[in-house]
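Number of protein chains: 2
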Amino acid sequence: MKNFNYKNATQLIFGKDSELKVGKEVKKYSNRILLHYGGGSIKNSGLYDKIINSLKAEEIDFIELSGVKPNPRVSLVREGIKICRENHLDFILAVGGGSVIDSSKAISAGVNYNGDVWDLFTGTPIKHKCLNLATVLTIPAAGSETSSGTVITNEDGFYKKSTGHPTLRPIFSIMNPELTFTLSKYQTACGIADMLAHVMERYFTNEPNVDLTDRLCEATMKSIIDNGLRVINNLNDYNSRAEIMLCGMVAHNDSLSMGRIGDWASHDIEHELSGIYDIAHGAGLAIIFPAWMKYVYKHDINRFLQFANRVFNIEINLNNPEETILLGIKSLENFFRELDLKTTLKEIHITNEHFDEMAKKLVESNGYVGNFVKIKYEDALKIYNLAL
Amino acid sequence: MKNFNYKNATQLIFGKDSELKVGKEVKKYSNRILLHYGGGSIKNSGLYDKIINSLKAEEIDFIELSGVKPNPRVSLVREGIKICRENHLDFILAVGGGSVIDSSKAISAGVNYNGDVWDLFTGTPIKHKCLNLATVLTIPAAGSETSSGTVITNEDGFYKKSTGHPTLRPIFSIMNPELTFTLSKYQTACGIADMLAHVMERYFTNEPNVDLTDRLCEATMKSIIDNGLRVINNLNDYNSRAEIMLCGMVAHNDSLSMGRIGDWASHDIEHELSGIYDIAHGAGLAIIFPAWMKYVYKHDINRFLQFANRVFNIEINLNNPEETILLGIKSLENFFRELDLKTTLKEIHITNEHFDEMAKKLVESNGYVGNFVKIKYEDALKIYNLAL
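Those sequence lines, one after another, are chains F and H.
Using this note's numbering, the first residue of the first sequence is number 17, and each one after it goes up by one.
Using this note's numbering, the first residue of the second sequence is number 17, and each one after it goes up by one.
Derived by calculation from the structure, the hints in this document are not laboratory data.
Predicted model only: the values in this text are computed from it and were never measured.
It cannot be assumed that every hint is accurate.
No copy labels: a pair is met if it fits in one copy or bridges any two.
[What the hints assert, rightly or not] Calculated pairs, EDC-like style, for lysine to aspartate or glutamate (alpha carbon to alpha carbon, straight line, at most 16 Å): (1) Lys18 x Asp253; (2) Lys72 x Glu363; (3) Lys40 x Glu75; (4) Lys23 x Glu41; (5) Lys238 x Glu380; (6) Lys398 x Glu373; (7) Lys44 x Glu95; (8) Lys44 x Glu194; (9) Lys145 x Asp372; (10) Lys18 x Glu194; (11) Lys43 x Asp372.
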């Protein structure tokens, strides 16, 4: 186990009707906020009105910035920064899913930075004060509601980059599973794939002697799988919606990373895909992760055996460990397919046309991605081809 | 799953040599502190000198109060409160295990309270500002390093009572597994029993639809059991010491309580025992918990089946579920015995002499203890007798 330093002070306000508390909670920190969200969905569902009424009841001034899209764009982030500066806003309330929260974090990071916010995604460290932010979560997937990271896409060349800082963790996150009832089957499935991938990225580590966090990861994966199958067959089931919402948070609040270094190659490899094709991140991960696993499993046979055995209950065939491992990967693919996700690029009509471009961009900064196995240009090409 | 509100902002500074950072960390919050500890063990181990040097290097003024004993006494708490008030100390550094941390928390709660601190353990809620506190943990057991609660014994009648408040969570906790190498086999075993009990108290709940937290509990219990057996056979093994230290924290940081209400009867029943006999809390729990399980298991057959099956890998006998449950309880007793703990009161020379007194005291405040099953006077007597 590695030495570590961990703090996650995000307050979780979880359960039915919890969104009605938003005004009272915001009031503890600010009177002038940016209200940041996506489009019409929160208006159609009635959530928008509830939020506005709760803010007004506490006499909180707010300026709205809507229009966040999946794979949130740096252009809107720049607009948000300008609004916060011009109106002296000191708090951002994100109402939405990972994209809205990530966009909010980028605005939070950019307001007090003397330069273009994209710098903070391309190597310039965050050393200045970020604005406080909080969330009302409507899509459990990205885990951004308690994480310290954000991923933003630069339309100028379709670069998708991430940054992070401890002060970017939300002050509080309001999580009412009922707010997720309106998510479609496809959106729900993509979220489930994303949160499962967040655990798997942490699970595949080279760090030895990480028994507790291994087991906590396995517990979370099993719960995502069981409740994922339940919710996909009954989108209005509060109990499985609640489990999935909680899983998405645990998957990415970094408690599963204590004492270990995760991999994150699959996320990076997928980011290049969704940077170009604008497909949902979770849908891309359901294709990329199994391909990555097939490419790297020989690096640590025991870890992949443990995954197959403890997560998918596959008995270990001691005479043919590789068979067990491949059954584990197959079980993961089967799970994604039960969610009605695709597990090959062909099925989503993506050819090898941009593989070379994607693989080059992928390794542009460091020459490789991933910690468990270093994935270089040639490896990335092979993984994209395995995903075809 | 119940609605919940969760925040745990304790910073964990975990790993080798982490105690050397104590001065720098304290300096962020205070220049005048109470240094609170037990007796000679931190002097013998060299930890005392490291702490003193680190504080002096940062020019932090400190006043020492040593003498904390297992089952920490309210008299010493009162002394600490007096010292803090007279010397205008605004921060408490606890160096030790659960008793030292609990004593520190009680001092922290009492300094700004206009009345006797024991009031705060007998019904008066904490509404005033508590002093900041931090810990250097030397005994992983009580989980007090990130919890919001404290248990104190009043020598005047040997009452053992608890209280809690979110602001009593330590600001930071320094956790170096090497500091636990000097714990004896018995101390180590008692700590392991205590942390396992903390998870079990949370596990036995009447709340339905708590799949993720069930699985996280089971993961933590399995890790405590596996690494408990390892460490007891090799007291200087860093890896299992590190797992046990991490388990003790996870067991009691309340993340396993999200959306559920735990039981806590066994803790209360044991508190009466160690309040009178001054035995180690963990040693008492190893006796009381199996007795409580035998007494209550019929209340929720499925939960006890799940415990036996998932924690101790016992196959469920569908034709005789009770057999499976009793095998699960037997496995728990066997685990305690492998730690060289006793599982009956007779073995530690306790008779039924004070059972009546203990059972009366136990239910004095509310008429019962426990949430999973309400344990009244007669039930408590039966459980004490089952533990004989």
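Each hint tested on the structure:
With identical chains, the CA atoms of Lys18 and Asp253 are at most 16 Å apart between copies only, with a shortest distance of 15 Å across copies and 40 Å within one. For the homomeric pair Lys72 and Glu363, neither the shortest alpha-carbon distance inside one copy (48 Å) nor that between copies (66 Å) is at most 16 Å. Taking the closest pair of Cα atoms, Lys40 and Glu75 come within 16 Å of each other only inside a single copy of the chain (10 Å); across copies the shortest separation is 41 Å, beyond that limit. For the identical chains of this complex, Lys23 and Glu41 are inter-copy neighbours only, at 14 Å across copies versus 21 Å inside a copy, given an alpha-carbon limit of 16 Å.
Taking the shortest Cα distances, Lys238 and Glu380 never come within 16 Å of each other, neither inside one copy (36 Å) nor across copies (43 Å). Taking the closest pair of Cα atoms, Lys398 and Glu373 come within 16 Å of each other only inside a single copy of the chain (13 Å); across copies the shortest separation is 73 Å, beyond that limit. When the C-alpha separation of Lys44 and Glu95 is checked against a cutoff of 16 Å, the pair qualifies neither within a copy, at 26 Å, nor between copies, at 36 Å. With identical chains, the CA atoms of Lys44 and Glu194 are never at most 16 Å apart, being 25 Å at best within one copy and 41 Å at best between copies.
In this assembly of identical chains, Lys145 and Asp372 lie within 16 Å of each other by CA distance neither inside one copy nor across copies; the values are 39 Å within and 61 Å between. With identical chains, the CA atoms of Lys18 and Glu194 are at most 16 Å apart between copies only, with a shortest distance of 13 Å across copies and 39 Å within one. Taking identical chains as interchangeable, the C-alpha atoms of Lys43 and Asp372 are never at most 16 Å apart, the minima being 50 Å within one chain and 52 Å between chains.
The earlier numbered hints that this structure contradicts are 2, 5, 7, 8, 9, 11.
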